[in-house]
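Note that the protein sequences, when read in sequence, are chains A and B.
Numbered according to the numbering used here, the first sequence terminates at residue 308, and the numbering increases by one at each position without gaps.
Numbered according to the numbering used here, the second sequence terminates at residue 225, and the numbering increases by one at each position without gaps.
Rather than coming from a laboratory, the hints here were simulated on the basis of the structure.
On a predicted model such as this, the values are computed, not experimentally measured, just so you know.
Using N, Cα and C, we set each Cβ at its ideal position, and we do this for glycine too.
To give a feel for the contact side, a few chain B residues facing chain A, derived at Cβ under 10 Å: (1) I123; (2) S134; (3) P140.
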Amino acid sequence: MQIRTWFGVFELTGDRIDSVELVPKDTDLITGLLLEEPLLMRGKVACTDLRDLAVEYGFVDSGDEYDRLLHELNIELVKKQMALAVTPDRQVIAAVEALDDINETTNILSERLKEWYMLNHGETRLRGVELANHILNTEYACGGQESISSFASSLIGLYETRSSIEKSLKDNMEALAPNLTNIAGYILGARLLSIAGSLEKLASMPSSTVQVLGANNALFKHLKGKAPSPKHGVIFRHPFINSAPKKLRGKIARAVASKISIAVRYDCYSGQLRKEFEGELEAKVTGIRKKNFPKPGKSRY
Amino acid sequence: MNELELSGTGLDNVFTIELNGSKRIITKSLVTAASGEKIIRSGSEEYRIWNPFHSKLAAILLKNAVIPLMKDSAVLYLGAANGTTVSHVSDIVPDGTVYGVEFSPRAMQDLIHVSTRRTNLIPILADAMQPGSYRNIVPEVDIIYQDVAQREQARIAVRNGEMFLKKGGFLVLIIKSRSIDVNRKTRDVAACEIKLLEGYFEILGFIDLEPFHSGHVAVLAKRT
Ligand SMILES: C[S@@+](CC[C@H](N)C(=O)[O-])C[C@H]1O[C@@H](n2cnc3c(N)ncnc32)[C@H](O)[C@@H]1O
Chain A
8 MQIRTWFGVF
18 ELTGDRIDSV
28 ELVPKDTDLI
38 TGLLLEEPLL
48 MRGKVACTDL
58 RDLAVEYGFV
68 DSGDEYDRLL
78 HELNIELVKK
88 QMALAVTPDR
98 QVIAAVEALD
108 DINETTNILS
118 ERLKEWYMLN
128 HGETRLRGVE
138 LANHILNTEY
148 ACGGQESISS
158 FASSLIGLYE
168 TRSSIEKSLK
178 DNMEALAPNL
188 TNIAGYILGA
198 RLLSIAGSLE
208 KLASMPSSTV
218 QVLGANNALF
228 KHLKGKAPSP
238 KHGVIFRHPF
248 INSAPKKLRG
258 KIARAVASKI
268 SIAVRYDCYS
278 GQLRKEFEGE
288 LEAKVTGIRK
298 KNFPKPGKSR
308 Y
Chain B
2 MNELELSGTG
12 LDNVFTIELN
22 GSKRIITKSL
32 VTAASGEKII
42 RSGSEEYRIW
52 NPFHSKLAAI
62 LLKNAVIPLM
72 KDSAVLYLGA
82 ANGTTVSHVS
92 DIVPDGTVYG
102 VEFSPRAMQD
112 LIHVSTRRTN
122 LIPILADAMQ
132 PGSYRNIVPE
142 VDIIYQDVAQ
152 REQARIAVRN
162 GEMFLKKGGF
172 LVLIIKSRSI
182 DVNRKTRDVA
192 ACEIKLLEGY
202 FEILGFIDLE
212 PFHSGHVAVL
222 AKRT
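Just need the whole structure built from these sequences, with the hints factored in.
Structural data, given as structure tokens:
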């Protein structure tokens with residue numbers, strides 16, 4: 008009979024140990040094995056406690072070392088299990104929420120920088136990152152103005168952080184939800200995931216719910232208390248919708264939401280990119296626009 | 002610092018003390034307290050104050066229940082949460098082991114911190130409803146302490162008891178009445194849960210945790 012323990016594999020005949028193959032004393036390796044197989048970590052083999060066997064066969068020098076190692080191993084095991092539990096959708100949700108915070112912050116700081124600059128230099132049409140760069144490039148720093156240039160370089164740092172988050176968000180969204188990203192774009196897609204809570208939750212929502220996601224302050228928890236709740240769902244930031252004539256937006260939103268729902272279900276349950284979704288949605292939206300605004304001259308009379 | 006007057010409680014490493022006119026329960030620190038913890042020193046020893054409003058076990062002990070925790074006990078703790086109570090159990094059993102099962106990754110984050118400094122505390126990320134998933138880690142234990150605040154509490158106790166509790170071993174089961182049936186009174190729910198335990202455990206009694214934890218009852222039982 009074979010008994011597989013966390014520090015070695017025992018071959019037994021009845022209660023007699025024939026051989027032991029010890030595992031290397033490497034926490035990382037052993038926790039890796041434990042993730043795959045529930046190796047025995049307590050109790051007896053051949054009527055002898057594992058702790059005593061580990062000493063007897065030279066895996067450890069003492070019972071104390073055994074206890075310490077076993078303790079450390081359990082903690083490492085739990086840490087690994089937790090790392091595995093950090094799913095890709097939780098990553099993109101954290102990233103898009105961080106982006107929202109950074110956007111809000113850079114807006115406030117840009118305004119402040121501009122006011123500060125105008126105090127000494129009068130009107131300027133530069134703003135944001137351009138103004139910050141201008142300040143740094145014109146050696147504005149000389150003459151006791153270190154504070155404003157340090158402020159400007161912090162702002163530039165934030166813009167750089169934002170680009171790097173955006174870039175990784177884009178990559179992660181394309182890997183996690185290619186169809187959603189294709190239809191909604193990676194920012195709007197990630198935002199929908201953030202409001203829904205997870206890919207699976209978004210996939211299980213009816214498209215009528217997807218259409219209004221974010222319209223309700225309670226749902227849009229991230230911005231709660233920071234901004235007035237949007238009247239429409241976040242989906243209204245989709246270019247097909249916000250570029251449409253006002254009276255068509257509801258209709259188009261329904262079409263977009265319905266395609267997003269289908270796209271997310273593919274992402275959640277199949278993972279295959281269905282390129283044709285994009286064209287189908289475009290055709291649908293064009294149809295809606297045509298039907299409601301026929302070419303002038305034809306339908307008037 | 003002068004010697005304080007500690008009174009024994011019948012449990013190793015657990016004492017009560019008069020502090021500003023009120024009775025406090027404390028455990029002798031197994032490891033030096035983390036920053037932010039409320040401690041008192043007496044002689045060369047450090048003791049951690051145990052808040053009965055935050056910990057149901059402290060409340061149970063203040064109500065003079067007898068729980069056979071020995072300094073070398075093996076304890077299976079189900080619903081270890083962020084480790085508040087678990088850390089005191091670890092103080093009580095310096096020569097034993099506490100196996101803390103918790104399924105919420107968020108809570109486990111904190112529990113890992115508590116465990117890292119305490120070699121007698123083993124954190125386990127698992128669902129207590131599936132005791133088979135930690136069967137390779139947990140040996141036969143002397144005591145099961147369960148505080149999971151969810152439905153099916155009795156079933157969890159029975160499954161874990163059968164798998165891990167030695168004959169004659171002790172069960173402390175915290176029943177949160179609201180998490181089973183909002184409409185029934187605490188006592189009724191407890192009585193009903195107790196029925197489910199019969200056949201596996203001999204019920205020794207139950208303790209109402211008012212005023213420390215309203216809506217909670219502790220069931221004390223022994224494995225038959
Ligand atoms: C009321 S809290 C426990 C408080 C803790 N005993 C203390 O006094 O510090 C309940 C805990 O049980 C956990 N829990 C609930 N159901 C569980 C299950 N089936 N398996 C493991 N843990 C569970 C919850 O995540 C929560 O952290």
